[in-house]
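Residue numbers (this note's numbering), protein chains in the order written: chain S, 1 to 301; chain C, 1 to 348; chain B, 1 to 264.
Hints in this document: simulated from the structure, not taken from any laboratory.
Hints are not guaranteed to be accurate.
As the list claims (entries may be wrong) - Here's a subset of chain B near chain C, in silico, CB distances under 10 Å, partners left out:
| no. | residue |
| --- | --- |
| 1 | N61 |
| 2 | L124 |
| 3 | A219 |
Built from N, CA and C at the ideal position, the CB exists for glycine as well.
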Amino acid sequence: MIDYLRRNAGARRAALIGPAMMVIGVFMLVPIGLMAYVSVLERGEYGGVEWQSLSLDAYASFFFERELDGTLVVNTDYLQIFARSFGLSAVTTVLALLVGFPTALYMALQPERYRNLLVFLVTIPFWTNLLVRNYAWILLLRNNGLIDGALARLGITSEPIDVLYTPLAIGIGLTYSFLPFMVLPIYASLEKLDFRLVEAAFDLGADRTRALARVVIPLAMPGIVAGSILVFIPCLGAYVTPELLGGSKSMMIGNLIQAQFGASRNWPFGAALAFALLALVLGAMMIYALKVRRGTSEARA
Amino acid sequence: MNRLLRLAAAGLAALLWLGPAHAQDKELFIYNWSNYLPPDLIKRFEQETGIKVTLDVYDSNETMLAKLQAGATGYDLVVPSGYMVRTMIKQGLAEKIDAKSLSNFKNVRPPHDTPEFDPDSQYSAPYMWGTTGITYDSEKVPGGELEHTWKEFFEPRPELEGKVVALNDQVEVWNAAAYYLGFDKCTADAGEAQKILELLEKQKPKLAMYQSSGTIDRMVAREVAVHHQWNGASHRVRKKLASARYLYPKEGISLWGDHFVVPKGAPHMDNAKTFINWMLDPKNAAEASNFTGYMNAIAGSDQYLDDAIKTDPAVNMPAEYASRLRPSKDCSKESRELRDKVWTKLKK
Amino acid sequence: MSRPGANPLWRFAGVRPLAALFFAYLYLPIAVLLALSFNENRIATIWTGFSAHWYGVVLANDDMLRAAFNSVVIATVASLAGTFLATLAAIGTSRGRFRGQTAVAGVMAMPLVVPEIVTAVATLLFFVLVGFKLGLLTVMVAHTVFCIPFAYLPIRARIEGMDPTLGYAAADLYANEWQAFRRVTLPLLWPGILSGAVLAFIISLDDFVISYFVAGAGATTLPIFIFGMIRIGVTPEVNAISAIMLVVSIAMVSLSWLIGRARQ
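Next up, chain S with everything else stripped away, as it sits in the complex (with noise of 0.2 Å):
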C-alpha cells in the first residue's frame, strides 16, 4: 500500500486529507444535520422537540412575525442583531490585526532561540479562564478603578473615564481575547520571510513604508488570511464577553440561540438562526474564494 501511495499523488492526498475529514465529518457533520431535521420539526411543549412533526416555523419567524391583529409582517429584529454582531466581528478583526501584525513581526525577527518561548508568551496569559480574564478587565475599566485611578492619581483626568459598559469596553475586551489568534498566524508565515529581501529593497531606495507594502505584507497575506478568519468567525458567536463588559443591553447572535435552548426553549427556532448563520458565512467565503480564483486566473490569462 505504501507503494501505491508513493506513486498515486491523489491517493496520497486522499490519505492525508482523509483523517481529518473523517473525524469532522463523523463528529459534526452528522449531528448537525440531526440539527438541520431540528429545525424543520415543531417544538416540543416543554422544550426539547416532537420528533414526528414537521413544521417550517422556525424558518418563517426569522424573517416573519404576527402583529396583533394575525396579519404576517416582515420583522427585522433577528436580522438587527445579526448585522451588530457581524459589525462587532469586523471592527475586532481590524483592531486585532493592527494590534498583532506589528508584533507578529516583532517576533519574526528575534533569533531562532527566542521566537519560540515567544509563541508560549503570547499565548500563557488564555490558561486562565475567560470569566475571571473578564472580571479583571472589569475592575480595570471601572470609573474608580484601577486605570481610573491611576489616572486621577498621576493628574490626568479630572473625570471619571466611562468606559465600563460602552461599546468601547467591549472592542477592549473582544480584541484581547482573540490576540493571539491573530498574531500566531501572521508569526507562523512571517518567520519564513527571508529578510535578506527586505535589505535588498533597501538597499534598492525603498523606504520602510515600500519595503514594508511591497515586500512583507504580501508574504504574510497567507497568515493575514488565517487570522482574520480566526479572529471573525469565532468572533461572530461571542457573548460571554460583550455581555460582561457591555452592560448587556444589546443581543449578540450568540446570546439569541442560546437563549433559544435556554430560557426560551425554542429547540427548532435556535437550529434554525444557526443555519441561517452558517448560510451567510460559507456563502460569504465562496463568493470570496470564487473571487480569488478567478482573479488570479485573470492574472494568468
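Use these hints to put chains C and B onto chain S, whose structure you have.
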C-alpha cells in the same frame, strides 16, 4: 516528537486512573448549582454513610433540562427549581422516589410538603427556597428608604437613574413587569406583552446594565444603589454592607424553591434517597442554609441557624409579606414565545 | 534558517515599542488577577491586606482541583490529536489545486462557524443516539473536532508561499518519505505546527458550552465549574486557581525550553 508521545502517554494514563469509576455501589453523583452544598456537609455525609460523592455543576435550570432532554444520563441527583420539576415530571425525566415515605419527611414544613407541581411528593423533596426582590443601599437613596413596590425599580427616582441594575434574566424581569402591571406572568396575550415591552423599554435607559453575575460585589463596592437580586445574595451583601436593605414589593414577589429530584435512569437511586433523607434532617438543613444564605423548608432547623440569618428579613421573611409571594409557574409555549419576543425586541 | 548579517530589526524602528505595548496589554489583566489572588478580602474591589489563604482554599477544594486537572488533560489530548490531523490535512491540501477543494475548506470551517450551543446539543443528541456513553472521552472527542481547524489554519498559512522545490529536493536526498518528512518538512513547518497546537490548546482549555453538554458525570471541567458559580457568586478561589494554572503553564514552558537548550 518523543516528548509529545511521552506527554500523550502520561495524559492517557492519568485519565484512565482518574476517569469515571465503574458503577460502584457506594457512589453518588450529584448535579447541582455551584456553591450550593457546603463542602463540610458533604464530607460529613461521606463519613457517616461511607458513600463517595462526586459533584458536577450547571449554571441554569434550562441548560440542565436541555442536557437531560437530549438524553444525558449518569447523574443520581439534580436540584431543579419548582417550575422545572413539573416539566421534568411531564417529560418523564424524573424517577418516582416517593419522598413522603422517607423517615425524615415528617420534618418538612408546610406548605413545602405539598407543592403544587408534586402534591404527593412522589418525585421531589424540598431543599432551599427564596425570593427575587430588590436590594438597595439605604445610605445612597433619598430619604434613606425605598417603598416596597416595583415602581422603585421600573420608574426609579431621578437621583437613582443610572444606578439601578436588573438581572439579565428573561424570566425574572418579565415576571417583575407582569406583577407591576397586574398581569398573569404566564400571559399569552399579545396586548399585555406589548405593554410589558413598553414598560421595559422605558426603564432601559435608566438602568446601568442587565447583569446576573457579580451582584454581591457590585452592591458592596457601591457601584450602584439598587439591584434586582435573589434574597440569599442580598443577605451576603448585608453581611459586608450594613446599610443594605431588601424589598418585598407589594405587587408581588417571585417565590422559587429548589428541590431534589432523581433523574430517570439514575445509577444509584438508593444512595440518592439516602442523601435526600439526610438533607431533611434539621441540623443538616440548617448547615446548608447558613452556607447558602437561603431559607430551608425543615421544621426544627431554626435553633441551628446563624443569628445573622435569623435576624435578616431578607432571608427570614416577616409574616406580613406572605401574601406577596408568587410561586413559580411553568408557562405555556405561547407565553414563552411572547416572552422571548419581548426580550429580543428589548435588546435588539 | 539562519539569517546572515545584522538584525534588520533596527530598520523597523516602530516595531519594538509596539510589541512592548502589545505584551503590556496582554499581561495587564493577568497582573490584576495575580494581585487579586492575594487579596484577603472576598470582595474583589476592596483590598484589605495580603493573604495567601485563597490558595489554601483551592488546594482543599477537591472538586475544583479535579475540574482543573480534567481541563488540562482534555486540552492536551485534544490539541495533540487535532494538531496531528491538521498537519496531515494541511500538507495534503497544499500542493496545488484539486477537485473537492472548496468542499474540504467548507468542512474545515464548520467547527468554527456553527455556534457552540448548537454544536453542543447536536453532538450530545448524536452521542445518545449511537449509545456513546458520556464521560471524559466524549469531551475529548468533541474538543478534537474544533481543535482541528484552529491548528489547520496556521499550519496552512505557513505552508503557503513555502518553496515547493524544497520538498522535491528533500525527496531526492532521503531514501524514504518518512525521513524526508522528519528531517526537512517537519522543521520547516515547525513554527506553524507549534502555533497551531498552542492555539488549539487554549481554545480547548477555555471551552465551556460544548464541554458542558457532552461531559459525563464526574467529568466537570474548570470552565464549567467557574461558570456554574455565577448565579451564587464567583468566589476569589477562582483567581487563585487561575494563578496556579499560570504557574503550571510557565513551568511547563520553561521546562521545555531548558530541554531544548540542553539538546543544542
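To see whether the hints hold, each was checked on the structure:
The closest approach between the C-beta of N61/B and any C-beta of chain C is roughly 7 Å, which is under the 10 Å cut-off, so the hint is satisfied. Annotation: L124/B was flagged as interfacial toward chain C, and the flag holds, the nearest CB pair being 4 Å apart, inside 10 Å. Because the beta carbon of A219/B sits about 7 Å from the nearest beta carbon in chain C, less than 10 Å, this interface hint is met.
Checked against the numbered hints above, the structure violates none of them.
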